[in-house]
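Under this note's numbering, the letters of the sequence shown match residues 1 to 274, in that order.
Take these hints with a grain of salt, some might be off.
[As the list claims (entries may be wrong)] Straight-line Cα separation of at most 27 Å, DSS-like style, residue types lysine-lysine; simulated pairs: (1) 157 - 231; (2) 267 - 56; (3) 81 - 56; (4) 82 - 56; (5) 152 - 231.
Please keep in mind that the hints were generated in silico from the structure rather than gathered at the bench.
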Amino acid sequence: MEGDISKIDNILFNLGYLDLLAYRDSEIHRVNPVAKFITTVVYLFFVISFNRYEIKMLLPFSIYPLFLILRADLPFGYILKKVLYVSPFVIMVGIFNPIFDRHIFFSFNGINITSGWVSFLSIIIKYFLTVTTVIVLIGVTGFYNLCYAMNKVGVPKVFSVQLLFLYRYIFLITEEAARMTRARELRTPISKPVSLKVYGSLAGHLLLRSINRAERIHRSMILRGFDGNIKIAGRTSYRLNDFIFMSLWILVFIFFRFFDISDFIGKLVLKVFL
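Build out the structure end to end from the sequences listed, making use of the hints.
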């Protein structure tokens, strides 16, 4: 029973840990949220703009998320676990490419590599680059500040506010579910399987408790002057460092997109050592 309760507490901690990372203090955390959001959107655009058979030109784009992780001192293992959680779904989508796309793309030491395998690997690389970068962005910005940045760059307010509420209510529902599960475990000293009828009752009570708590939160927000606009504490103005961060990285992305740096480095290494 104690093990089950500790698992529930771990789930709650892992859900909120990404937001806790945003409260750290580093040069990346201090960059304006709007600058980080615009830079990341440009990054995602360039990554997904490559054709489905491109691999080597995608590799240099890993520098951006790695730079953010190292400079912001984020736990690499935690981020990797988050990325791997959804990876089976991406693998299931791309695994059919080698079956249907059997065109020979290139040969290596007598081994024929089909276009399907190349496109499958390209999908995996794009997934890791994009999802890792988004998770890191939340970890160095915070979801609340991220929604604020979305609002500032022209995303409809109704969308950014609803996205923020959805994110917050995920925690609300999870917390209520954890409380109910903890209460059941404490009242059931002997572990025994839960019947479908009990699960139905728990789901109904979870819905009612979540709605009730959501209404209380809504009334509290109105009493505190919430008017539908996302406001953040601290600095919201732009500094020179914000423009430098955004401009330099966008220039790097453009360079990576239109110049095959992997091929250049490969030829340089061969020229030096051969």
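Holds or violated: residue 267 to residue 56, with C-alpha atoms at most 27 Å apart: Since the Cα atoms of residue 267 and residue 56 sit roughly 13 Å apart, the hinted pair holds (cutoff 27 Å).
Hint consistency between residue 81 and residue 56 [alpha-carbon to alpha-carbon, up to 27 Å]: Given that 27 Å is the threshold and the Cα spacing comes to 25 Å, the pair holds.
Hint consistency between residue 152 and residue 231 [alpha-carbon to alpha-carbon, up to 27 Å]: Holds - the C-alpha atoms of residue 231 and residue 152 are around 11 Å apart, at most 27 Å.
Satisfaction of hint between residue 56 and residue 82, Cα-Cα up to 27 Å: Distance ~25 Å between residue 82 and residue 56 Cα, so the pair holds.
Check the hint pairing residue 157 with residue 231 against an upper bound of 27 Å on the C-alpha distance. holds, 12 Å
Comparing the model with each earlier hint shows no violations; every hint is respected.
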